[in-house]
Structure formats: structure tokens, C-alpha cells
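*Asks:* Here are the chains, one letter per residue:
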Amino acid sequence: GAVVSQHPSRVICKSGTSVKIECRSLDFQATTMFWYRQFPKQSLMLMATSNEGSKATYEQGVEKDKFLINHASLTLSTLTVTSAHPEDSSFYICSARPSTGGGSPLHFGNGTRLTVT
Amino acid sequence: AQSVTQLDSQVPVFEEAPVELRCNYSSSVSVYLFWYVQYPNQGLQLLLKYLSGSTLVKGINGFEAEFNKSQTSFHLRKPSVHISDTAEYFCAVSNASGGSYIPTFGRGTSLIVHP
Numbered sequence: 001g002a003v004v005s006q007h008p009s010r011v012i013c014k015s016g017t018s019v020k021i022e023c024r025s026l027d028f029q030a031t032t033m034f035w036y037r038q039f040p041k042q043s044l045m046l047m048a049t050s051n052e053g054s055k056a057t058y059e060q061g062v063e064k065d066k067f068l069i070n071h072a073s074l075t076l077s078t079l080t081v082t083s084a085h086p087e088d089s090s091f092y093i094c095s096a097r098p099s100t101g102g103g104s105p106l107h108f109g110n111g112t113r114l115t116v117t
Numbered sequence: 001a002q003s004v005t006q007l008d009s010q011v012p013v014f015e016e017a018p019v020e021l022r023c024n025y026s027s028s029v030s031v032y033l034f035w036y037v038q039y040p041n042q043g044l045q046l047l048l049k050y051l052s053g054s055t056l057v058k059g060i061n062g063f064e065a066e067f068n069k070s071q072t073s074f075h076l077r078k079p080s081v082h083i084s085d086t087a088e089y090f091c092a093v094s095n096a097s098g099g100s101y102i103p104t105f106g107r108g109t110s111l112i113v114h115p
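Residue numbers (the numbering used here), protein chains in the order written: chain R, 1 to 117; chain A, 1 to 115.
Just chain R, with the same shape it has in the complex (with noise of 0.2 Å):
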């Protein structure tokens, strides 16, 4: 149980275009999910946490003009980079979980790979 999916797993676009991500938690409802962004060799960077029904909580420095999170039900977030630039390029992965608590492990999709050329 505890299953998210996450799509398209590897995109490339052109510079100035835009890429939307979808996350979904396909048994299990997720009030909460999280973004993550992931370089090379390197640990997680959460971006942001989406909040079904209401704004997202971006962390420190990640532009919220630029990312763009959509939670509207409470099955599927969506991640948009907008104006897509090289330097966005980079493993992106959403994770959710069943219950709001701590101790409630984080389940992850599979990632995805943007590549801005």
C-alpha cells in the first residue's frame, strides 16, 4: 500500500517553455505532499509542501513565481517550472504519506528528469 506515482518520469523541453510534474497517492489520500529537488550526488532539497485547498509553503530561496504547486484534490499535486532555464535542469521527486504524524514514513514516486536544453 502507500503508492505515488509520479509523471512524466524524464522530460526535455527547450529554454522559456514550461514542464508540469503530477504526483499522485493512488490508495491513500494525502492532505500534504512535498517536493523535492535532487542534484547530482546529493541529498534531497525540499522545495516546497503542498497543502490541499490552499497555498503551498515554499522553503527559503526556491521562487514560487518560477515553481508552481498546485494541490487540488487530495490524490494529485502538481509541480509546473515555468520559463524553464538550463540551470532548472535536475531530478525532481514528490513524496506524500497517509497521516500527518512523524512518525509516518514519507512515500516517494519515482522521480522525474528535467533536462532544459
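Just so you know, the hints here were simulated from the structure itself, not pulled from any lab data. Hints should not be assumed to be uniformly reliable.
Simulated restraints on C-beta separations [what the hints assert, rightly or not]:
1. A:Asn68 with R:Glu52: 33 to 39 Å
2. A:Pro18 with R:Thr117: 41 to 47 Å
3. R:Asp27 with A:His82: 27 to 33 Å
4. R:Phe28 with A:Thr5: 28 to 34 Å
5. R:Ser54 with A:Glu16: 50 to 56 Å
6. R:Asn70 with A:Glu15: 44 to 50 Å
7. A:Ile60 with R:Arg113: 21 to 27 Å
Using N, Cα and C, we set each Cβ at its ideal position, and we do this for glycine too.
Chain R is already provided as a structure; the job is to place chain A on it using the hints.
*Replies:* Chain A alone, transformed into the frame defined by chain R:
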């Protein structure tokens, strides 16, 4: 605030040898502890977790970890590794006393198993 330190960025080991991946944490409150594994180009998968009770926690794929409160450590061990264990391993800690439940991740340890 809490933090996680994974002392080894890379651990090479031969197949069938034992391995220990080290994790130390810092927190002013009680914590929950987790180990995740990440295979190339994939998300993270939970290996095991410590919430309370027995300090020795067994997880999937033959891994186990021991919570040591006095040393603020949660080292991951496996008595005999396989080639397929080659992956990135992340230790994480979250607050068990309220406040933000968002886990903090370590920088990761790359386990490389040689034949």
C-alpha cells in the same frame, strides 16, 4: 531544529561482506528515525524506521539498524551484502514531539558493492 550527519559519503565493500552505514542526529526533542534507499533514477524507498520500543529495528532486504540515544546514532547494518544492494542510502529524522513533522535528510551514503 534537528540535523542529520552521515559521516561517510561513499562506502565500498565486497560482496558477502558485512557493512555498516553511519548516521548521527542532533535534536533537542525526541525523534523518529528512518533509513531510505534510492536506486539510480528512482525515488526513495523506506528500509526501516524507529518510532519507539526495541532499539534494534529490522527492515527489508536483510537490513537492520540500532537506535542509540546516548550516542544519538542510528547506524544501518547488513551482515552480508549483495551486488544488488549498491545504491544511495539516506538517514532521516523527524520530530516526535509536535511542531513540524517534515523529516530532515542526511546527505546520503553511496554503498558500492564489488564482486
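*Asks:* Next, verify each hint and record whether it holds.
*Replies:* Right, here's what the structure says about each hint:
no. : hint                              : verdict
1   : A:Asn68 with R:Glu52: 33 to 39 Å  : holds, 38 Å
2   : A:Pro18 with R:Thr117: 41 to 47 Å : holds, 45 Å
3   : R:Asp27 with A:His82: 27 to 33 Å  : holds, 30 Å
4   : R:Phe28 with A:Thr5: 28 to 34 Å   : holds, 32 Å
5   : R:Ser54 with A:Glu16: 50 to 56 Å  : holds, 51 Å
6   : R:Asn70 with A:Glu15: 44 to 50 Å  : holds, 46 Å
7   : A:Ile60 with R:Arg113: 21 to 27 Å : holds, 25 Å
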